[in-house]
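> Sequence:
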Amino acid sequence: MDKKAIVESILFASGDPVDIKDLCKLLDLNKKELQNIVEDLEKRYFDSGLRLKVIADKLQLTTNPDTFEYIKEFITIEKAKKLSAAAIEVLSIIAYKQPVTKVEIDKIRGVNSDAIIKRLLLLDLIVEAGNLDKIGKPIIYETSEEFLFKFGLKSIDQLPSLDEDEQLTNLNFLEEK
Numbered sequence: 011m012d013k014k015a016i017v018e019s020i021l022f023a024s025g026d027p028v029d030i031k032d033l034c035k036l037l038d039l040n041k042k043e044l045q046n047i048v049e050d051l052e053k054r055y056f057d058s059g060l061r062l063k064v065i066a067d068k069l070q071l072t073t074n075p076d077t078f079e080y081i082k083e084f085i086t087i088e089k090a091k092k093l094s095a096a097a098i099e100v101l102s103i104i105a106y107k108q109p110v111t112k113v114e115i116d117k118i119r120g121v122n123s124d125a126i127i128k129r130l131l132l133l134d135l136i137v138e139a140g141n142l143d144k145i146g147k148p149i150i151y152e153t154s155e156e157f158l159f160k161f162g163l164k165s166i167d168q169l170p171s172l173d174e175d176e177q178l179t180n181l182n183f184l185e186e187k
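Heads up, this note's numbering is the position in the sequence shown plus 10, with the first residue counted as 1.
A few of these clues could be false.
To be verified - Each pair of labels, with its calculated beta carbon distance range:
| hint | residue 1 | residue 2 | range |
| --- | --- | --- | --- |
| 1 | I87 | E52 | 28 to 34 Å |
| 2 | I81 | E52 | 16 to 22 Å |
| 3 | V113 | I81 | 39 to 45 Å |
| 4 | K63 | K89 | 57 to 63 Å |
Stated by the list, open to error - Derived DSS-like pairs: lysine-lysine, alpha-carbon spacing no greater than 25 Å straight-line:
| hint | residue 1 | residue 2 |
| --- | --- | --- |
| 5 | K14 | K42 |
| 6 | K41 | K82 |
| 7 | K128 | K89 |
| 8 | K92 | K112 |
| 9 | K63 | K53 |
| 10 | K128 | K147 |
| 11 | K31 | K92 |
| 12 | K63 | K92 |
| 13 | K147 | K112 |
To be clear, the hints were calculated from the coordinates, so they are not data collected in a lab.
Idealized CB from N, CA, C, for every residue including glycine.
Construct the entire structure; sequences and hints are all you get.
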């Protein structure tokens, strides 16, 4: 394999500065050969979102400072996607009781779940799966394909089974994988 590709992969995987001596030793390169690789990578990254920084006797792959505002906004969005304990509780109820209505969810939890259901819909973790054939035609909810993907499940059948005496109000087992 091309040593330039290996250097690039190591820098990407590390995230932290990598000692130049360690790279030279690992790849059986002298300092001049590594310097040539570094210069090639710096040229390649010049107009990209990445930069190769030389800090003391270390190399680090970093983001282009011009992209800072976008990265900051992205991180803010990603943090907003974290699930609260209440959201995990509602998601657990939907996962095990699906298809389930909001009224059933609220009854299990003992509190209103409107805001949490809206958030789970926005995150594509649940879907509206139709309406129950009852007075008022309440919406029924199910978990989505995104739910399966995010929690590393091939199907809903892979959820851990519940004992008969377990309460759905104690279902905070779901943690993203």
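> For a C-alpha distance cap of 25 Å, please report whether K31 and K92 respect it.
This hinted pair is violated, its Cα atoms lying about 40 Å apart.
> Given the hinted pair K147 and K112, is their Cα-Cα distance within 25 Å?
holds, 12 Å
> Measure nothing beyond the straight line between the CA atoms of K63 and K53; if it is 25 Å or shorter, mark the hint as holding.
holds, 12 Å
> Compare the distance between the alpha carbons of K128 and K89 with 25 Å, and conclude whether the hinted pair is satisfied.
At roughly 17 Å apart (the allowed maximum being 25 Å), K89 and K128 satisfy the hint.
> K14 and K42: Cα distance at most 25 Å?
holds, 13 Å
> Decide if the proposed pair is consistent with the structure: K92 and K112, CA atoms, cutoff 25 Å inclusive.
holds, 22 Å
> Mind checking the hinted window 28 to 34 Å against the Cβ distance between I87 and E52?
The hinted range 28 to 34 Å holds for I87 and E52, with Cβ atoms some 30 Å apart.
> Quick one: are V113 and I81 within 39 to 45 Å, going by C-beta?
holds, 42 Å
> Is the Cα-Cα distance between K63 and K92 25 Å or less?
It is violated: about 32 Å lies between the C-alpha atoms, which goes past 25 Å.
> Does 16 to 22 Å hold as the CB distance between I81 and E52, or does it fail?
holds, 20 Å
> Assuming the hint says 57 to 63 Å, is it satisfied by the Cβ distance from K63 to K89 or not?
For K63 and K89 the Cβ distance comes to about 26 Å; the hint is violated.
> Are K128 and K147 close enough, with their CA atoms no more than 25 Å apart?
Roughly 18 Å between the alpha carbons, so the hint for K128 and K147 holds.
The structure does not agree with the numbered hints 4, 6, 11 and 12 stated previously, though it agrees with the rest.
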